[in-house]
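Visitor: Chains as they are written, first to last, in our numbering: chain G, 331 to 536; chain F, 331 to 536.
No lab work stands behind these hints: they were computed from the structure. No false leads were slipped in.
As the list makes no split between identical chains, a pair holds if one copy fits it or if it spans any two.
27 angstroms max Cα-Cα, derived BS3-like pairs, lysine-lysine: (1) 376 with 334; (2) 392 with 334; (3) 359 with 480; (4) 509 with 434.
Nothing here was measured: the structure is a model prediction, and the numbers come from that model.
Number of protein chains: 2
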Amino acid sequence: MSQKVTPKITYFNFRGLAELPRLICKYGKINFEDIRLNQEDWATIKPTTPFGVLPLYEEDGKICNQSIAISRYLAKRVGLYGDDDWENLEIDSVVDTITDLRLKLTQVFREEDETKKAADQEVLINETFPYYLERLDKIAAQNFGHMAAKKLTWADFHFAICYGMFAFIAGEDTLIKYKNLVKVKDNVESIATIKNWMRERPVTDF
Amino acid sequence: MSQKVTPKITYFNFRGLAELPRLICKYGKINFEDIRLNQEDWATIKPTTPFGVLPLYEEDGKICNQSIAISRYLAKRVGLYGDDDWENLEIDSVVDTITDLRLKLTQVFREEDETKKAADQEVLINETFPYYLERLDKIAAQNFGHMAAKKLTWADFHFAICYGMFAFIAGEDTLIKYKNLVKVKDNVESIATIKNWMRERPVTDF
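One chain only, chain G, in its complex shape (with noise of 0.2 angstroms):
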């Protein structure tokens, strides 16, 4: 009889983007080997992985990177899916425009020219966050305090996570005022699970 290897996640000593397929893995309870590499380790690694970039994902010989990817595969396994196509359409949808979201806005933390940022900034804050959280927020009041499917998917553990993110840009005093992403957020830490894993889990600034 074959002997199943424990899974492997492999990132830095961050949450970033490793979080959401661990997050899914403790939810699930699929045991797996949660990896952290430091800058020194990374530098001999970082030749012989796909594309360069983590988080990785190792199961029986077999690897594959890009987080958002490992997270579908995962949450399929633990039941954070959809009943159907077109609900797992939905989750995907929400899942990729809340992507969308954090890309705009570590475009602008990654901008060089400060004049520049600065006015970037201005935008994310005062015109793209207001416009994708109250649309956001619409969604998880049609879907009952969920992102999609109108009950618990991995597209919350995705919004969970960006929370903080969002949070930490926009203020929480603007966060909240989206009650209905707040209550994703909260049934999502709410999770036994999840509510342990926040615990236990190293201590770290993003």
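Go by the hints and put chain F onto chain G.
Guide: Leaving out everything else, chain F in the frame of chain G:
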């Protein structure tokens, strides 16, 4: 008996982000309304859309945005999908990696500072492109002229559409060095339904 309404794909009169779902429909002989908005129509319709972006996919009174999510949904319907969950992870992973490369390209072209744009373009052509294309080419070799799962999937369609964009930037001479990637594109473009569509579709710059 309820009458099924023809699904709609709404976008501008470009290939752009709508060409992947269009191509998948053409492959699978899903009849759809190919709606192409001019800027005036778009200004009217935009406030009524989920997130003010195109393409949109409509089916039986339901509507969704996000090109990749829509494409995954349609791909499953027409059999351009993996045989198991790991194959679908492979497909999703390489699709997202191809999208990453396309995003790096569009970012350079959106840069407004001409000096920075020239420098970024040099990095793109001399470092980013070779790095990604060598690795993607190896994947295509391992998958016998496909991007994943050793068979024709929607990841091949995604690459075939992006190929033209990559060749435009890196030069057709550079692209043809990646023989396995050329094979992926040629495989897709030799399918009868795709060949017909490429002949009959509106001629647009991109």
